[in-house]
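**Student:** Here is how the chains run, residue by residue.
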Amino acid sequence: MRRAAWLACLAAACTVSPAQQSSQPVIVQPGPPGAPSKTLPPDATVALPKDTPADVDFMQGMIMHHSQAVVMTAMIPSRTDNVEVRALGKRISLSQTDEMKFMKRWLTARGEPTSMEMPGMPGMDRNGKPMGLMPGMLTPAQMDALGKAHGREFDRLFLTGMIQHHGGALIMVKDLFNEPGAGEDAELFNFATDVDSTQRAEIKIMQRILKEIQ
Amino acid sequence: MTHLRNYLVATALGAALGAALAAVAPAQTAPTEPVAAPTPDKQGSTTNDPRVGLKAGMYDASEAISGMDHLIFLKKPDVFQIHASSPDDPEVQKTLAILGVSNTSRMSKPMQMVIAQLAFANSDFAFEGNYLFQGNFYGVDIYDIADPAKTRLLTTLVCPGGQGDVSVYKNLLFMSVEMPNGRLDCGAQGFPPPPAPPAVAGAHEALHGPHVPPANPERFRGVRIFDISDIQHPKQVAAVQTCRGSHTHTLLIDPNDPDDVYVYVSGTSFVRPSEELAGCSDESPEKDPNTSLFRIDVIKVPLAHPEDAKVVSHPRVFMNARTGVINGLTNGGSHPGERGGTTKRDLAEETPRDTNQCHDITVYSAVGLAAGACSGNGILLDIKDPVHPVRVDAVSDPNYSYWHSATFSNDGTKVVFTDEWGGGMQPRCRTTDPLNWGADSIFTLKGDKLHFDNYYKMDAAQTDTENCVAHNGSLIPVPGRDIEAQAWYQGGISIMDFTDPMHPYEIGYFDRGPIDAKQLVLGGYWSAYWYNGAIYGSEIARGLDVFKLKPTKYLTQNEIDAANLVHFDVLNVQDQPKIEWPSSLIVAKAYVDQLERSQALPASQIAELRKAINKAEKSHLKKKQVAKLNELATQVDSSVAGAKDPADANRLTALSTILKHPVA
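In order, the protein sequence lines correspond to chains A and B. Numbering-wise (the working numbering), the first sequence opens with residue 815 and increments by one. Numbering-wise (the working numbering), the second sequence opens with residue 66 and increments by one.
Treat the hints with caution; some may be incorrect.
Unchecked claim - Derived Cβ-Cβ restraints for the label pairs, each shown as a range: (1) P850(A) x P260(B): 31 to 37 Å; (2) M932(A) x P367(B): 57 to 63 Å; (3) A959(A) x E128(B): 39 to 45 Å; (4) P320(B) x P850(A): 32 to 38 Å; (5) M938(A) x P282(B): 41 to 47 Å; (6) S836(A) x A369(B): 28 to 34 Å; (7) P850(A) x V455(B): 54 to 60 Å.
As the list claims (entries may be wrong) - Examples of chain B residues lying across from chain A (beta carbon under 10 Å, computed): (8) F256; (9) R289; (10) H298; (11) P492; (12) K725; (13) H726.
Don't read these hints as lab results, they were simulated from the structure. Heads up, the beta-carbon is just placed ideally off N, CA and C, and yes, glycines get one too.
Please model the complete structure; the sequences and the hints are all you need to start from.
**Tutor:** In C-alpha cells:
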C-alpha cells in the first residue's frame, strides 16, 4: 500500500529529485513558512543563544537546593526501616548527587562560580545580604526536628519535608522559563524539564507513602 | 544481603502471581504483600566485559564491537561544530564568547573544546529511499546512504529549536521544536533578554521578582513541515504551533485516508502563556477543564496542501473513562494493594502519579494500536480512528522513573518500553545502578492488555563520565526472532533478542570509551536503527556511525541474509511498519538455523533440510527439487504440535509454508 503510493509519487515527480544534487554538501537556512530558503556559504557557522543571569542563578540555586535533599536522604539509614522510604531515598540521593555534579560542570564550563555566596563571605550573597533559602527548602528548625526524629515520626517529617522541598524545585523551574531569554541553552533546558517531570512524579509517590503511614 | 532477599521474593512471587493472574479473574487475586515503591532488587552492571575500561577521547576513544562490522564514521558537519582542533584557535575562543563563557581562563583547555560542541546535539533519525535524515538541536542533516559504507552529507538545514525529532513522508519532512529559542524564521538568534536594568536586585530577587511572560509572536514551538522535493534546498511550508511545543512526534498514516497524514505531538515541556498562543493554559484540570496539560495534540496534514496543516484534536488520553476526570489515569492516591492487585496494570490505575504528558508514542497501524510512553505510565491506545485515539490499557512500575519510548514485536504480541531514568544526561549504567532501573521492560500483549515479563538492561558497566540509560531502538527484521538494535547513549549500541520475553539477552554491541575521562560530556547514541541492511547510530556529540551485522554464534549469515531481504521505502521508527518476508529459500535457511540452535529438530532432519534446500536453490527451483521440499514440509508440519515453545512452533509453521511454495 505504502510502497505503491511512494512509487506513484516518484513517477509523478512529486518527491525528492536526485538529478539536481550537487556533489558538495549544501547549507540551507529556511525562512518563515512559505518564504524561500537562503543558501549559506560552506564555511557558515551559527550563533548560540547566550546564557542569561537567570540561567546561572537557576543552576547555582538548584545546587544549594539539591544539597539539602542529599543531606536529608543521608539521614535515612540510621533513622528508619521503612522499605519504601529507604528505596525512594536511595533514588533521590543517587539522582540528585549526580545532578549536582552536572550543574557544577555546567557552571564551571562557563566560568561561573558554583555557589551564590560571595567569595570569602560565607552565608552572604553577592550583594552582601544574608543568603536566603531557595523555594521549598527546609528551615534550620525543620532540619533540626528531622535529625532528631526516628521511625514513623521520621518517615512523616521526611516525606512532608521532601514534598515541600520538591514543590520548591517545581517553582524554580517555572520561574526560570518565565524569565525572558532564559532556558535557551539545550543542556539547561533538558535538565530543567527533567527536574520538573521527575520531581512531580516523586511528589506523588511520597504523597501515597505518607497516606499509608498515617 | 537485602538485595538478594528482595530479588528472590520479587522473582518467585512475580512468577507465582503471573501464573495465578493468568488463570483467575483480577478481582479474585489476593496477594500476600503489595508491590513496594522503587526496589533496587537487582545488582548493577558487570565489570567483566570487553566494554569496560575503554580509553576516553572525543575522536580517539578505544572501541569494543561484537556481532557487527563498523562501516564508517562521519563527524558532525562543520556548521554544527567549531572547526578547529586547538582550544587556542581564535575560532574556539569566538564560539566560547558567543556561548557567553566570559572567563575561559578558569576552564581546562579540553573542557573548552567540549563545551563548544554541546549545543549542537544530534538527535533522532528518519529514512526515505536513499536518504537519511538526522535531527539536531540546531537543524537537520540529510545524508545519501545509497551505499551505506560510502554515506555522504548532502544538505545541512539550519533551523534551531531542539530537539529536532524528525519524520519523513513523500516530499515532506517533519521536525519537532520545543525550546524557547525556536523561531518561525529558523533564525539562530533566539530571543535575547532585554538589557538588565541598572540596579539589579540580588540573585534571589532576580529569580522571584514579578514576571511578565515573555510572549513573542516570532517564537515557534510545535511541528515544522518542510518541502524536500529538492533535497538540497528544503523549504519551510508550515509551522504548526502547540502549547507545550513538540518534544517528539509520531507520523500516523491512516490506511483509510490517502489524502492526509496525521501527526501525534507529545509535549513534555512548560506550557507557554496564552498571550503568546491563544488558549494555552497550565492550570490544573480542576481550575481549567481546557488545560493544555493531560493531553496529546493531533495535527492533520493535507498532502496536497501541507500549508493548511493544523491541530484537529487534543485527545484526553489520561481520562478516566468511568468518571470523565481528565487526570484520571493515576489520580487518586490509593494504596496499590488496596484493591488486591499487584499487577503493573493495577498499579497504573491506583498509584497516584499525575501523568500529564506522553514522551513518545509508537503507532502500529497493522494492529490498530499505539503504545504511549507517558512519563509515569505505559499506555496502549486504539488508533483505528486516528483523530480520536482511545486508551485501552495502562501500566506503571515502581521501578520506572520515566516512561520514554516503546517498540512492538512484529507480530504485535509484545511491547518493549524504556525507562529514561535521569533524562539521558546522567550516568545510570554503573555497578551501583540496579539493572531494573533505567532498563527496558518487556510486556506480552494478550488481547489489548499488557502483562509484564522481564527487564533488559545493557549490563556492561560504564563510568561516571558516561551518560547512559535505555534509549531509542528499532527491530532488526530477522524472521523467527524478535531482535532490537538499541541506543544506550555512551553505553553504546546493544542488540537484544527478546523472542522469549522472560529471557531477553544480548547478541551484539558497539561501545566507545567516554568522550572525556574526567568530566561527563553529554554524548553517545540517541538512536540505533536498522534500515535496509545497515544499522545507523546517531551519536549526539561525535556524528554518525554505520554498521552491518556480522555472523556470530548468536546470529548466522543465513539469518542476516534473510533480514536483508526486507526493504523499506520509508522508515519512521515510531510509525512502526509491519515486516513481511518473501517465501524465499533464504528465509527457509534462517529458520533451519534457528531450529538447529533450539534443537527443535534432530540433527539428521536439519541436515536433510539443508541438503534439499541447497539443491533446490542450485537447480533454480526445478520441479523435482521442489517436490522434495514439499515432502519435507509435511515432516516439518508433524513437529509443530510437539514444539517446546511458541517461537519454535511459529518457525516450523513458517518453514513449512515456504517449503510448500518456495519462490526464487
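**Student:** The structure should be examined with respect to each hint, and the outcome stated for every one.
**Tutor:** Going through the hints against the structure:
1. P850(A) x P260(B): 31 to 37 Å: holds (33 Å)
2. M932(A) x P367(B): 57 to 63 Å: holds (60 Å)
3. A959(A) x E128(B): 39 to 45 Å: violated (53 Å)
4. P320(B) x P850(A): 32 to 38 Å: holds (35 Å)
5. M938(A) x P282(B): 41 to 47 Å: 42 Å Cβ-Cβ, so the 41 to 47 Å window holds.
6. S836(A) x A369(B): 28 to 34 Å: 29 Å Cβ-Cβ, so the 28 to 34 Å window holds.
7. P850(A) x V455(B): 54 to 60 Å: violated (42 Å)
8. F256: With a minimum Cβ separation of about 6 Å from chain A (threshold 10 Å), the hint on F256(B) holds.
9. R289: OK, holds: R289(B) within 10 Å of chain A, min 8 Å.
10. H298: Since chain A brings a Cβ to about 6 Å from H298(B), closer than 10 Å, the hint holds.
11. P492: holds (7 Å)
12. K725: violated (26 Å)
13. H726: violated (22 Å)
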